[in-house]
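Take the sequences, apply the hints, and build the full model.
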Amino acid sequence: MKQLETDRLRLKQLGPSHAEQVLQFYIQNKQFLEKWEAKKSEAFFTVATQVELLKQDQVHYLNGQAVKFWIYKKEEETKLIGCINFSNIIRSIMQSCFVGYKMDQNENGKGYLTEALRVAINAMFEEYNIHRIEAPIMPFNSASIRVVEKLGFEKEGLTKQMLKVNDRWEDHVRFSLLNPND
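Under the working numbering, read the sequence shown as residues 1 to 182, first letter to last.
The reader is advised that the hints may include incorrect statements.
In silico EDC-like pairs for lysine to aspartate or glutamate, Cα to Cα no more than 20 Å straight-line [unchecked claim]:
| no. | residue 1 | residue 2 |
| --- | --- | --- |
| 1 | K79 | E107 |
| 2 | K150 | E115 |
| 3 | K160 | E37 |
| 4 | K155 | E134 |
| 5 | K39 | D171 |
Have a look at the derived ranges for each label pair, beta carbon to beta carbon [stated by the list, open to error]:
| no. | residue 1 | residue 2 | range |
| --- | --- | --- | --- |
| 6 | K164 | N63 | 19 to 27 Å |
| 7 | S142 | N63 | 29 to 37 Å |
| 8 | E52 | Q28 | 17 to 25 Å |
| 9 | P180 | S17 | 33 to 41 Å |
| 10 | Q31 | E52 | 17 to 25 Å |
| 11 | T114 | E75 | 15 to 23 Å |
| 12 | E75 | L158 | 38 to 46 Å |
Derived by calculation from the structure, the hints in this document are not laboratory data. C-beta atoms are modelled at their ideal positions from N, C-alpha and C, and glycine is treated no differently.
Below you can see the structure in the form of structure tokens.
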């Protein structure tokens with residue numbers, strides 16, 4: 001499994017044996033994340049479901065469809081503090097993907113997400129040969145917009161009713177970052 005590091009963090013691809021840690025992350029952040037994500041059933045909040053989702057993550061990685069990194073602080077590697085998911089990887093003439101991310105509510109505003117994204121994006125450009133990364137963000141998510149702007153993403157425009165979040169179709173501002181080596 002792939003692992004990345006920064007001064008303060010480790011980013012790891014996880015397998016089914018980490019289902020309990022992933023579940024604890026989601027349980028601890030359930031209310032915080034629900035305003036930004038698709039509505040989750042009660043079954044989502046079980047170890048069995050997390051085992052299956054982690055297996056799916058491995059299949060998507062092996063098929064070249066997605067790369068997901070879970071984030072740990074180096075001094076506390078038993079507790080997940082966030083996740084970065086590069087999804088919908090398109091090869092051929094596009095070489096592009098989407099990026100989504102989430103952070104533990106108690107770790108927001110400490111620079112961890114920007115730090116983790118910087119190293120993960122670099123890996124996507126250098127190791128996975130991605131040319132373009134797109135980040136769709138709800139217009140009222142100012143913290144997320146600040147993160148991508150710090151990383152050099154450029155605003156491209158607004159997509160109406162792009163994703164169904166918490167049972168409601170939400171507009172998203174689309175930001176993109178191009179591989180500087182292309």
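Is the gap between the beta carbons of P180 and S17 within 33 to 41 Å? With a Cβ separation near 37 Å, P180 and S17 satisfy 33 to 41 Å, so the hint holds.
Between the alpha carbons of K79 and E107, is the straight-line distance 20 Å or under? holds (12 Å)
Could you say whether the range 15 to 23 Å given as a hint is met by the Cβ separation of T114 and E75? Because 19 Å falls inside the window, the suggested range holds.
Does the structure keep K160 and E37 at a Cα separation of 20 Å or less? At roughly 16 Å apart (the allowed maximum being 20 Å), E37 and K160 satisfy the hint.
Would you check the hint for K150 and E115, treating anything up to 20 Å between C-alpha atoms as holding? holds (10 Å)
Assuming the hint says 17 to 25 Å, is it satisfied by the Cβ distance from Q31 to E52 or not? holds (24 Å)
Taking the beta carbons of E75 and L158, is their distance inside 38 to 46 Å? holds (40 Å)
Given the range 19 to 27 Å, decide if the beta-carbon distance of K164 to N63 lies inside it. holds (25 Å)
How does the Cβ-Cβ distance of S142 and N63 compare with 29 to 37 Å: does it lie in that range? Given range 29 to 37 Å: holds, Cβ gap about 35 Å.
Please check whether E52 and Q28 have a Cβ separation lying inside 17 to 25 Å. Taking Cβ atoms as reference, E52 and Q28 lie about 21 Å apart, which means the hint holds.
For the pair supplied as a hint, K155 and E134, is the alpha-carbon distance within the 20 Å limit? Answer holds: K155 to E134 is near 10 Å, not above 20 Å.
Given the proposed pairing of K39 with D171, does the C-alpha separation stay at or below 20 Å? holds (16 Å)
The structure shown violates none of the earlier numbered hints.
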